[in-house]
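Taken in order, these protein sequences are the chains called B and L.
Read in UniProt numbering, the first sequence has 392 at position 392, and its numbers run on one by one without any break.
Read in UniProt numbering, the second sequence has 351 at position 351, and its numbers run on one by one without any break.
Warning: the hint list may mix true and false statements.
[Unchecked claim] Cross-link-like lysine-lysine pairs, in silico, PhoX-like; alpha carbons within 20 Å at most: (1) K597/B to K117/L; (2) K704/B to K226/L; (3) K218/L to K559/B; (4) K435/B to K371/B; (5) K708/B to K131/L; (6) K546/B to K257/L; (7) K740/B to K368/L; (8) K570/B to K218/L; (9) K226/L to K570/B; (10) K131/L to K38/L; (11) K704/B to K112/L; (12) K597/B to K258/L; (13) K546/B to K359/L; (14) K112/L to K546/B; (15) K359/L to K740/B; (16) K740/B to K378/L.
If you are wondering where the hints come from, they were derived from the structure by calculation, not from laboratory data.
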Amino acid sequence: MATSSERSPPPFPDSEDQDALDSEEVRGRESDEDDGEELFLSATNTPMAKEESPSAPAGLLVDLLSDPLIEPLSSSTNKPSSELFEGLTNDTAVTAGKPSVEASDEFVDILGSEAAAQREEVDVTVEAAAGDKGETSRGATDLLADGETRSAPEQEATSAAPVMDLGGLQQPPASAKVTDPLEDLLSDPPATAASDAHKPSGAVVDLFDDEGSDIFTGAPSSKPAKQPQKSLFGEADEDLFGEPLGAVSKKATSKEQKEKSAPASAGEPAHIFTEEAVGTVPNTRPVSSKTNGIPPEEDSDIFAEATVELSLDSPRSERRKEATTKQPASASTSVSAAASLTKPQSAAVEELEEEEEEELEDKFDIYVSVKDPEKIGDGMNAYMAYKVSTQTSLPMFRSKTFTVRRRFSDFLGLYEKLSEKHGPNGLIVPPPPEKNLLGMTKMKVGKEDSSSADFLERRRGALERYLQRVVTHPMLLQDPDVREFLEKEELPRAVSTQALSGAGFLKMLTKATDAVSKMTIKMNESDVWFEEKLQEVESADQQFRKLHALVESLVVHRKELSLNTASFAKSAAMLGSAEDNTALSRALSQLAEVEDKMEQLHQDQAANDTFSFAEMIADFIRLLGAVRGTFDQRMKAWQRWQDAQAMLQKKRELEAKLLWANKPDKLQLAKEEIAEWEAKVTQYERDFERVSATVRKEVVRFEKEKTKNFKRQIIVYLESLLQSQQQLIKYWEAFLPEAKAIA
Amino acid sequence: MTSIDESDKEKLRSVSVDLNNDTALLIDIPDALCERDKVKFTVHTKTTLTSFQKPDFSVPRQHEDFIWLHDALVETEDYAGLIIPPAPPKPDFESPRDKMHKLGEGESTMTKEEYTKMKQELEAEYLAVFKKTVQVHEVFLQRLSSHPVLSKDRNFQIFLEYDQDLSVRRKNAKEMFGGFFKNMVKSADEVLISGIKEVDDFFEQEKTFLLDYYSKIKDSTAKAEKMTRSHKNIADDYIHISATLNSLCAEDSTPNKKNLEKLSDLFERLRKVEGRVASDQELKLTELLRYYMRDIQAAKDLLYRRARALVDYENSNKALDKARLKSKDIPQAEEHQRQCLQKFDKLSESAKKELTSFKGRRVVAFRKNLIEMAELEKNPPKVRGSLFFFFPSLLTTSCL
Numbered sequence: 001m002a003t004s005s006e007r008s009p010p011p012f013p014d015s016e017d018q019d020a021l022d023s024e025e026v027r028g029r030e031s032d033e034d035d036g037e038e039l040f041l042s043a044t045n046t047p048m049a050k051e052e053s054p055s056a057p058a059g060l061l062v063d064l065l066s067d068p069l070i071e072p073l074s075s076s077t078n079k080p081s082s083e084l085f086e087g088l089t090n091d092t093a094v095t096a097g098k099p100s101v102e103a104s105d106e107f108v109d110i111l112g113s114e115a116a117a118q119r120e121e122v123d124v125t126v127e128a129a130a131g132d133k134g135e136t137s138r139g140a141t142d143l144l145a146d147g148e149t150r151s152a153p154e155q156e157a158t159s160a161a162p163v164m165d166l167g168g169l170q171q172p173p174a175s176a177k178v179t180d181p182l183e184d185l186l187s188d189p190p191a192t193a194a195s196d197a198h199k200p201s202g203a204v205v206d207l208f209d210d211e212g213s214d215i216f217t218g219a220p221s222s223k224p225a226k227q228p229q230k231s232l233f234g235e236a237d238e239d240l241f242g243e244p245l246g247a248v249s250k251k252a253t254s255k256e257q258k259e260k261s262a263p264a265s266a267g268e269p270a271h272i273f274t275e276e277a278v279g280t281v282p283n284t285r286p287v288s289s290k291t292n293g294i295p296p297e298e299d300s301d302i303f304a305e306a307t308v309e310l311s312l313d314s315p316r317s318e319r320r321k322e323a324t325t326k327q328p329a330s331a332s333t334s335v336s337a338a339a340s341l342t343k344p345q346s347a348a349v350e351e352l353e354e355e356e357e358e359e360l361e362d363k364f365d366i367y368v369s370v371k372d373p374e375k376i377g378d379g380m381n382a383y384m385a386y387k388v389s390t391q392t393s394l395p396m397f398r399s400k401t402f403t404v405r406r407r408f409s410d411f412l413g414l415y416e417k418l419s420e421k422h423g424p425n426g427l428i429v430p431p432p433p434e435k436n437l438l439g440m441t442k443m444k445v446g447k448e449d450s451s452s453a454d455f456l457e458r459r460r461g462a463l464e465r466y467l468q469r470v471v472t473h474p475m476l477l478q479d480p481d482v483r484e485f486l487e488k489e490e491l492p493r494a495v496s497t498q499a500l501s502g503a504g505f506l507k508m509l510t511k512a513t514d515a516v517s518k519m520t521i522k523m524n525e526s527d528v529w530f531e532e533k534l535q536e537v538e539s540a541d542q543q544f545r546k547l548h549a550l551v552e553s554l555v556v557h558r559k560e561l562s563l564n565t566a567s568f569a570k571s572a573a574m575l576g577s578a579e580d581n582t583a584l585s586r587a588l589s590q591l592a593e594v595e596d597k598m599e600q601l602h603q604d605q606a607a608n609d610t611f612s613f614a615e616m617i618a619d620f621i622r623l624l625g626a627v628r629g630t631f632d633q634r635m636k637a638w639q640r641w642q643d644a645q646a647m648l649q650k651k652r653e654l655e656a657k658l659l660w661a662n663k664p665d666k667l668q669l670a671k672e673e674i675a676e677w678e679a680k681v682t683q684y685e686r687d688f689e690r691v692s693a694t695v696r697k698e699v700v701r702f703e704k705e706k707t708k709n710f711k712r713q714i715i716v717y718l719e720s721l722l723q724s725q726q727q728l729i730k731y732w733e734a735f736l737p738e739a740k741a742i743a
Numbered sequence: 001m002t003s004i005d006e007s008d009k010e011k012l013r014s015v016s017v018d019l020n021n022d023t024a025l026l027i028d029i030p031d032a033l034c035e036r037d038k039v040k041f042t043v044h045t046k047t048t049l050t051s052f053q054k055p056d057f058s059v060p061r062q063h064e065d066f067i068w069l070h071d072a073l074v075e076t077e078d079y080a081g082l083i084i085p086p087a088p089p090k091p092d093f094e095s096p097r098d099k100m101h102k103l104g105e106g107e108s109t110m111t112k113e114e115y116t117k118m119k120q121e122l123e124a125e126y127l128a129v130f131k132k133t134v135q136v137h138e139v140f141l142q143r144l145s146s147h148p149v150l151s152k153d154r155n156f157q158i159f160l161e162y163d164q165d166l167s168v169r170r171k172n173a174k175e176m177f178g179g180f181f182k183n184m185v186k187s188a189d190e191v192l193i194s195g196i197k198e199v200d201d202f203f204e205q206e207k208t209f210l211l212d213y214y215s216k217i218k219d220s221t222a223k224a225e226k227m228t229r230s231h232k233n234i235a236d237d238y239i240h241i242s243a244t245l246n247s248l249c250a251e252d253s254t255p256n257k258k259n260l261e262k263l264s265d266l267f268e269r270l271r272k273v274e275g276r277v278a279s280d281q282e283l284k285l286t287e288l289l290r291y292y293m294r295d296i297q298a299a300k301d302l303l304y305r306r307a308r309a310l311v312d313y314e315n316s317n318k319a320l321d322k323a324r325l326k327s328k329d330i331p332q333a334e335e336h337q338r339q340c341l342q343k344f345d346k347l348s349e350s351a352k353k354e355l356t357s358f359k360g361r362r363v364v365a366f367r368k369n370l371i372e373m374a375e376l377e378k379n380p381p382k383v384r385g386s387l388f389f390f391f392p393s394l395l396t397t398s399c400l
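Work out the full structure, taking the sequences as your base and the hints as a guide.
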């Protein structure tokens, strides 16, 4: 499995991959006792191996996270198809069929408690736990495999969904319970962290943070940083399912069975999570946190209690105790324990979902074009209007094709609206091209030269790409303003976009204050991922700027070359006319013609440099600015949270003072205020978490889009280059006989 | 200090002029040393002529020695009817040096790799200038050696044979000014002479042709130089772009890294192609035009000398008429007139021959160079070949 995962990218879509089958078979025959463990270890080890390979972190993340989850899944679903296991699976189906219902009930409870215990252990012994894993996981898997394998023979078992459904049908209580907490989980991580605010009980939360962030940062982080991640995966995962099921596994008879079903256990929960996450995530985090807005107090209290107890007892005995006696507590801890699990998993899911989303995006059948710039009006009041045509089959629009006229400030106005609405949430709102007073003034004066044509084409292209970016963003497309912009005949005039208007001045002022506050905010970044990304973005920004300047200078030089070639062509033609040798004269005028064509070639190439290369870079620079904007938004959210916390602290101190001064009348007010601020702190923290998650997702999306865009543009550019080179050769080829004809 | 070896020169040889190589006297410059502003050429001669003491010898010469030889030839009365091969231009290492200096100043703004590449580029440019310098000096000597009259020149033989430093007196300020003044007079004369009624149709045609051709070729040379420089600028831009892409690539951790890497590679290849185009054009086109610009100037000089002789003859005719009118000093005047006529006729005759052969030589040289250039541009040279090989792979791999 390890090898196959290394070789191939996540085999999710085609889990019937022969590789997976083969490796499955091989393992089955080997019937090695440590197989289950090996599976997990190998899965978690892959990142280590991968680290050397230069693959990008995103990809690595996918590999890393999806491997343990998806590979087993595929193996479990593949099982029925492989005859070798048919007998075995039937066996399991019979033996484990009955207990599955009750056992799974138990399982849900135990599931969490175990993990909680284990998580404690993770802190203390990272390696030690590995020892008893082989045993436990083997048992664990049986149970889960039951539901799985029973249903498996009946289906084709290639996609995750059917498996899930069947699992759900067969074990209604189990799946219900498992999914329930999960729903909470999506919002819980922040909640538990919030409780930390006034109950800083270190260990658990620390662990929590570390793991979470590490998993997300995954690839870029170094080996030591990966340690917690590995342990989380290896241990929490295994023990979670392993131990409680170990009890049940007494019923299971054959060892082989257990081993084989080991992957299944990992597979199933993965399913559940996947299902769940896919269900909720498309509506994105904010939604899920809203729907699951459970007051965090209760949960976290119990949680804290449980962990305190856990930390007191020895992990081993605690585990047993937990399993049998501490049902209610463990139930709640399971929530948080699973939460820690969901984090990595949801990351994997996110990746998966991202891919799905991408596919979806491709299916976003909407194409916006900006055409026919037209000057309207005269003098300084003149402006350019563009035809914005949309082609779509999306049902949200009234018709399939429609065209509206929009002026430049409308485009800016749209951006203003979108960035006001979505910016604070951490969305990367694609920025439109900047205002260009010089170019526009030229336009207004009415000079019709090549530079203004160039300017217009540049702007038109930039506007088109801007709109296309907006509509391909799944969330921005849903925005009513976008729809209005594309569909509505008349738009109210966007006033705030004028550079020299009062609104513009105000905007500048806010920007200035923003810049100042940005400088004053000192955020102690807890998340390495953000820190690194920000640095990456900043240096990329710098480099792209440099590159842009260089490409611009290339364009200038190319234009120069074109001019010089033209003048040489003229000169050569003159020389040809002056030449008294007829053949040489003819050859020289042919040379002049060749150079004339060359001039056109250089000119076209200069245009290509501009439109397919320089403009792309300019787009990136703008987008990188927007990305930085989202980082700033995140910082702002963080600042708000911190401020609220400070305020809460003050209120608490006040309360303490009042208590000491014995002023009950004011005390009541103070208490109310504290409650109010506590709510605010929670709210702001949740906001911050939400923004962080969105930013992260957006950045990942941005990078993907960037790569895609880059590729596309580069191919266009390359083709143009290739063509011009080929053309060049043709011209010279045609010239050669002329030169040879000189006698 | 720079020196070049034989193999480098092989491909540079034969540019611009096509010389009928006479095995009796073979001259080449196998080696040259560049010390600061001075270039020391080693002039190697291989001969079967008995007028030389040895059949094989080498002497060290400097640029000034070449100038001295040229001036000596120009000033020799007997060669007035010949096109004196144009003197090689003074070695100009200023522009690459300046650029090198500028590059050193801008070092901090570049990545190390970028700097190294730029430096290499400049060094290549410097070397090219150096080679070109050696080549024009060599061509000058070869043209002398292949000329039936000039190869017998005493000064030329001294230049080739005298194994000590020629230590030709450098021109002092007065002479420099004198030379300048002479040029002024000459150009004024040229204007005057161009107004003279030509008696011979051949020379009349030749005169208008050369004057016209000279202005055209001068213009073309300037334009070609500009064009070549533009190519070089683009090649330099490619270096910077490639380097920036490279550093972007180093920081990128997304799948885009591969694209950036490829693109950087592409620009590096493009640079080589562009650099190659620049140097090919420089060598085959610009250098050709430049050389014939100077050659035509030399031909014009010949016409000038002939016109001068014509004026002399006409003046002597006038003087004879005057003498006859006054019946005084008739024999001297007659003698003078006869001499002038003889000189003029001789000059005209050899000039006609020279100009005709010059025409043939020019056509041959143009043909050769234009073919070579077309071949170079068309037949993908190695670099472009690799580019074409590279393109498809780039396109397919980036279409992941």
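Structure-based check of each hint:
{"no.": "1", "hint": "K597/B to K117/L", "verdict": "violated, 31 Å"}
{"no.": "2", "hint": "K704/B to K226/L", "verdict": "violated, 44 Å"}
{"no.": "3", "hint": "K218/L to K559/B", "verdict": "violated, 23 Å"}
{"no.": "4", "hint": "K435/B to K371/B", "verdict": "holds, 18 Å"}
{"no.": "5", "hint": "K708/B to K131/L", "verdict": "violated, 48 Å"}
{"no.": "6", "hint": "K546/B to K257/L", "verdict": "holds, 18 Å"}
{"no.": "7", "hint": "K740/B to K368/L", "verdict": "holds, 8 Å"}
{"no.": "8", "hint": "K570/B to K218/L", "verdict": "holds, 13 Å"}
{"no.": "9", "hint": "K226/L to K570/B", "verdict": "holds, 14 Å"}
{"no.": "10", "hint": "K131/L to K38/L", "verdict": "holds, 14 Å"}
{"no.": "11", "hint": "K704/B to K112/L", "verdict": "violated, 30 Å"}
{"no.": "12", "hint": "K597/B to K258/L", "verdict": "violated, 35 Å"}
{"no.": "13", "hint": "K546/B to K359/L", "verdict": "violated, 53 Å"}
{"no.": "14", "hint": "K112/L to K546/B", "verdict": "holds, 16 Å"}
{"no.": "15", "hint": "K359/L to K740/B", "verdict": "holds, 17 Å"}
{"no.": "16", "hint": "K740/B to K378/L", "verdict": "holds, 14 Å"}
Violated hints for the displayed structure, listed by number in ascending order: 1, 2, 3, 5, 11, 12, 13.
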